[in-house]
Structure formats: structure tokens, C-alpha cells
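2 protein chains.
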Amino acid sequence: MKPDFSKELLTTVVVDAKTKDVLMVAWMNEESYNRTLKSGQTWFWSRSRKELWHKGETSGNFQDVVELILDCDLDTLLIKVNPHGPACHTGHRSCFFQNVEQEGK
Amino acid sequence: MKPDFSKELLTTVVVDAKTKDVLMVAWMNEESYNRTLKSGQTWFWSRSRKELWHKGETSGNFQDVVELILDCDLDTLLIKVNPHGPACHTGHRSCFFQNVEQEGK
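Going down the list, the protein sequences come from chains A and B. Each residue of the first sequence is one higher than the last, beginning at 1 in UniProt numbering. Each residue of the second sequence is one higher than the last, beginning at 1 in UniProt numbering.
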């Protein structure tokens, strides 16, 4: 089973293999997908910097790949990882830390 | 805390509030985000059909919102839900069911 790179970048959801927490969302082109498979660590395509990005290359917080699972449309990838450290550049373990207040709750 | 809709659609990751499984990834425009907040159920923007989409309106598998969490960049949203049924149009509970074979594993 392979991703469909014909339409656009692959949306990638990274979760902690142990806690199941969602750590971050990032994007992959075919080259970063292939590097991820080959190296066993996450590689992404930075849409802002327009370059390949080995997660952790600056911070040391690499992510070791445990499992890769494609969605029904083959355009979104779920990656279970063992993270070496925080996923977020802010130092938070996960990029998702800002709660939205809901009406009536 | 509010999403940033100035750049593009909001990428949304839907997880099961009880099991923490990732159920699906979809996109929101500002109108679907507002409807989600107001109704307490997930609304998305269908990029293929180019229309608002109340998840479950056809299948009955609505998703009741438990918690909404924005990422550090305010352009990705994590939604914890209690789903009424399978998230995937294939009948799978989650859209992520196709494992990628890794080299050397």
C-alpha cells in the first residue's frame, strides 16, 4: 500500500506510540516519505521553508518510527513514533496545547 | 484562542475521546468551524465537493465534540469526539486501517 502523491502533499499525523497522544501534524512529499521509510525516523517537507526537514536535526528530538498507517484515500498518513523529546518548537511535548473555549461549556 | 483562517483551510484531526484512536482527518473553513462550536457536532468543508458537510448527515454517524485543541501555529485543530458510529465511509471505525510495510521490519 503506497500513498498517492499525484494530487498534493501527504498530510501526516504523528502520534506517540506509547501514550497515543497526537504530537504534531506535518506534510510529506515523496522524497521525505521515502527517507522516512529508509531511515526509520520522520522526515517532512517544510511548506514554509520549501525544503526537506529531518525532524530533530536541530533540536535533537528525533522521532523513531514504530508504525505507518494510510487512510482510506491514501492521502493522509498516521505515524506512530517513539519521540526523543518534545515535538513542539515551544518545548511542549505536543503541538496541541491551546484549548478552544466552547459555548455553553 | 482562535484558528487562523487567513492562509488556508484548517487541517482537523479527529480522535476518539475514549480510546484516543485517530479516526479521520478533514478540513474546515471558518463557517464549518463556527457551526462545530455552535452545534457541538463536527462540521467540515469538503474539498472535493466544495460544500459544507455535517459529518453523519448521510450515515447517521455524527460526532459529538468533547474538546477542541489548537496547535502552536493556530492552523491545525485536534478534536476529541464521541462518535455515534464508524468514521470511515468504508465502515471501518477509523479511516486509518492500511498498514505500510517498512523495510527491514
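Treat the hints with care, since some could be wrong.
Each pair may be met inside one copy or between any two copies, as identical chains are not told apart.
In silico lysine-lysine, DSS-like type, Cα no more than 30 angstroms apart, as pairs [claimed, not checked]:
#1 K7 with K50
#2 K38 with K20
#3 K18 with K80
#4 K2 with K50
#5 K7 with K38
Worth flagging that the hints you see were computed from the coordinates, not collected in a lab. Please read all numbers here as calculations on a predicted model, not as lab measurements.
Against the structure, the hints come out as follows:
1. K7 with K50: Classified as both; 17 angstroms inside a copy, 16 angstroms across copies.
2. K38 with K20: Close inside one copy (24 angstroms) and across copies (28 angstroms); limit 30 angstroms.
3. K18 with K80: both (9 angstroms within a copy, 18 angstroms between copies)
4. K2 with K50: Classified as both: same-chain Cα gap 23 angstroms, cross-chain 26 angstroms, threshold 30 angstroms.
5. K7 with K38: For K7 and K38, the Cα distance is within 30 angstroms only inside one copy (23 angstroms; across copies 33 angstroms).
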